[in-house]
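Residue numbers (the working numbering), protein chains in the order written: chain L, 1 to 413; chain S, 1001 to 1457.
Treat each hint with caution, since some may be false.
[Said to hold, decoys possible] Listed below are several chain L residues computed to face chain S (Cβ distance under 10 Å; list not exhaustive):
#1 K96
#2 D142
#3 Q144
#4 E148
#5 S149
#6 G158
#7 R183
#8 S255
#9 T259
#10 A275
Derived by calculation from the structure, the hints in this document are not laboratory data. What you are looking at is a predicted structure, and each value in this text was computed from that prediction instead of being measured. Glycine included, each C-beta is placed from N, C-alpha and C at the ideal position.
The lines below spell out each chain.
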Amino acid sequence: MSDDQAIQAVRATLKAERIQPFKGDELEAVRSVESCINCGLCIGHCPVVRGVGVERFSGPRSIALELSRSPPEFWATADKVYLCTGCGTCREVCPKKVNVPEIVNLIRARIFQQRPDLVPKPLLDVRDIIVKHSLAFEPWEDPQEKAESRDTRVKALGLPSVPDRIVTGADVLFYPGCQAEERAQEVKEAAKYILSYYGVNYTMLNRLTCCGLPSKLMGDDETARSLAGVLHDKVKSLAVKKIVTTCAGCTSNLSDISTRDGWGVPVYHLVEFLAEQVGFDKVSRPFKGRGRFSPPVKVTVHDPCHLIRHTSRQIVEHGRTILNFIPGVAVEESGLADSCCGGGGMVGYHSRDVADAVVRDNIAAISATEADTLVAPCPLCTAQIESNLFRSGSTTEVEDLSVFIARRLPQKR
Amino acid sequence: MDIKADLLVIGGGMAGLVAGMVGAEAGLKVVVLRKGQGATAISSGAVDIISYLPGADTPFANAIEGLHVLSEVYPLHPYSVLGYSDEGLPSDAERVVARVGESANWLKEKLSGTPSALVGDLSRSIQAVTMLGSSKPTSLVQETMFAEGSDDWHDGVVLFAGFRGFPDFNPSMAGKAFLDSRLQGDNRPRRIANCTLEALPFDTPYNISSFEIARYADREDGLLRVAKLLREHVKSTGADFVALPPVLGLRRARANKAELEEKTGAVIFELLAFPPSVPGLRLQTALESTLNNEGGRVLIGHEAVSIDKREEHIHSVKVKTPRRTLNIIPSAVVLASGKFIGGGLRGDERGISETLMGLTVVDVDSFQTKGMRPQRLTNVMALNSEGHPLFGLGIAFDSRFRPVGPDGQPVADNMFAAGSMLSRYNYLTEKSGLGVALSTGYAAGTNAADYVKGVLS
């Protein structure tokens, strides 16, 4: 038997046994499970356990230990593993840094391949949209309507209108992400204004394609990797040196694939870019001096998991620093700013009750601050919190941080 | 982007957070790196100072006696080092007691307003009862774990109350074991009783965790339900004391204890639990928020991965998160990264090593363990009063708590160490874990602050 034949024979056996070998870039997460000391610290912190109890969601420790089962039996965890919001709280408190959020993705990827019948149906519907449009949401049928929706939002918020900028030779790619492209269009408009205000030489994609995070989270690794490939080609042909995004999920996922696939292009969240590349001196300038008055507003903050736990807590500190530059803004902490909004891990698509149970305590804490506005540097967290706050009868408004900043920058007349 | 700090503490357990608080109190800009939670968060939430002489089966009468004996018998023990004069040995036992007592009183004051406020002192040994019914001598426990009057409860009735569907605690077995462990003539209650409460956080009577009951108790309706059920059982058993598993709450534990006591007329106290426990989490949370209130900053999820040392001086520390890397430039560093749980030490087939800088690792007697495999440092008997030498390992340090190399010279002029990564004591046999972390964290933090201010002697 030749080497090739031997490899084929092994592959055939693995396939028959329903075993999917781990890819090289997955091994680090798989090996992290070996260091689990079974202490259970994560259970006391997991926001899904807090929301629905260990009976409904058995918690991160049980997911970490699930991997010790033989691979074909991953499907046996399907009733639990889709309830993880992927917030990363467990990994953050774990003494051994067991990478549970990534393990969840690996298990979901195996269920997706071997037992697609167990994948929650709404996730498969999203998959169809992604495969068809390379976007996480069904795009607008009529571009005219999309433009009208954008203009209405921009006008209501008093944001200046900045035309889309698609140029060659730019330093920076601004990547709004699917939510800001299709739904929260004001976030995209706000970021464009901020970038142009500070004189950043940026470009956008002529057609936005998804970064692949939703595919990855539902276990559709193949689509996730192919979307990453498509985006890589675009980034290469634009020859940009940096990528800036306004979405927390895109920040962590793009950072991830940029490193994994060797793009050689660093990825920043907009507030991180402002802090580290534009510099606080320049960022704060428009807010200083006479006549720079804006009405007093009491603000509370939500910190997206994809920034604080998947990227770095330093980023949301930058966000607070920028908020403090703006005259009239008083930040009141809710005490639960860093607690998951429930919007992650695609949980809300199939188990809305779980997603809403996760954010329940946040809503109470936010309401208790009696803030005028909640700001979050992520359009997805914003949407999840906004709908829950609204249902609770709270009068607190919700705004994406980029929009909040852009609305308070001076406008050229 | 670099971060500048006067004091960088690597490790966010008891030792690191205490060092950070001391630094912040001294007016320094403090950053504490906490990559995960460690042994403090996993602990039972009681702060042991010193309960046993290694190898002894009989506990000390109290921590003061223990510290006196230690400084005679083990002059290299981290506690004993606190009693050195500027010239080093011998250790002055009175000075040891004074310094450990000072740090204990300081911590009590710091935590006084928090859910894990502490009671106790060095002059008294508290016999804390565990969820298994056994008793453990310790010095400081959280207020919610303390039963006022339990020093002499031979006229009293103790009710062990469990929760239906909470598998960690069996009140009947715990009660029996508790009686068996206390002989006639010991401090033994007149009678014990047990009951099971049906308070269901998520309406299902099975598979309930202690954290769920604790959060339930923090809710108004939850506490009312527990109070109502408990009152009936207290009435029917005539209980003077109620022993609960540690589930009195995460945020409102003390208020909940007071309210239950008012509604039942009995003294309520929490038993000690195995990990993960609610009081351990309360203690960790209280330490972190106290540091924040003092103006220090805990950088959560950030792990120190390498150190830039230039000519016996720590210049900067490289820090990593899942997807970012940054540099911290400190004036002084306190290394408090823990032992095997926290990750300060690692043991494998190549021997035991310190994970960040490869510092010199020595055993209880200060002998280097280079290349010695962990198995060689364990006893055949898993449970014995001698313990396992493995847990007495740690880094070598001098009388200023600076890590030292094989030559006995400090590795860096601006680095200090504290907590379980220190060598020359075995916390498991002595029952001294959080106590050593507290008093060495206090000392290392003070020394680091003195260094930054240029007044370290």
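Status of each hint after checking the structure:
1. Checking K96(L) against chain S by beta carbon gives a least distance of about 7 Å; that is within 10 Å, so the hint holds.
2. A cut of 10 Å between beta carbons decides the hint on D142(L): the least distance to chain S is about 38 Å, and the hint is violated.
3. Hint on Q144(L) is violated. Least Cβ distance to chain S is approximately 39 Å, over the 10 Å limit.
4. Hint status for E148(L): violated, given a least beta-carbon distance of 38 Å to chain S, over 10 Å.
5. The beta carbon of S149(L) comes no nearer than 33 Å to any beta carbon in chain S, farther than 10 Å, and the hint placing it at the interface is violated.
6. With 10 Å as the threshold, the beta carbon of G158(L) stays out of range of chain S, its nearest partner Cβ sitting at about 32 Å, so the hint is violated.
7. Among the interface hints, the one on R183(L) is violated; its C-beta lies about 25 Å from the nearest C-beta in chain S, farther than the 10 Å criterion.
8. Given hint, S255(L) at the interface with chain S, holds; its Cβ is 4 Å from that chain's nearest Cβ, closer than 10 Å.
9. At its closest, the beta carbon of T259(L) sits 7 Å from a beta carbon of chain S; the interface hint therefore holds under the 10 Å criterion.
10. Hint on A275(L) holds. Least Cβ distance to chain S is approximately 7 Å, under the 10 Å limit.
Going through the hint list in order, the structure does not satisfy hints 2, 3, 4, 5, 6, 7.
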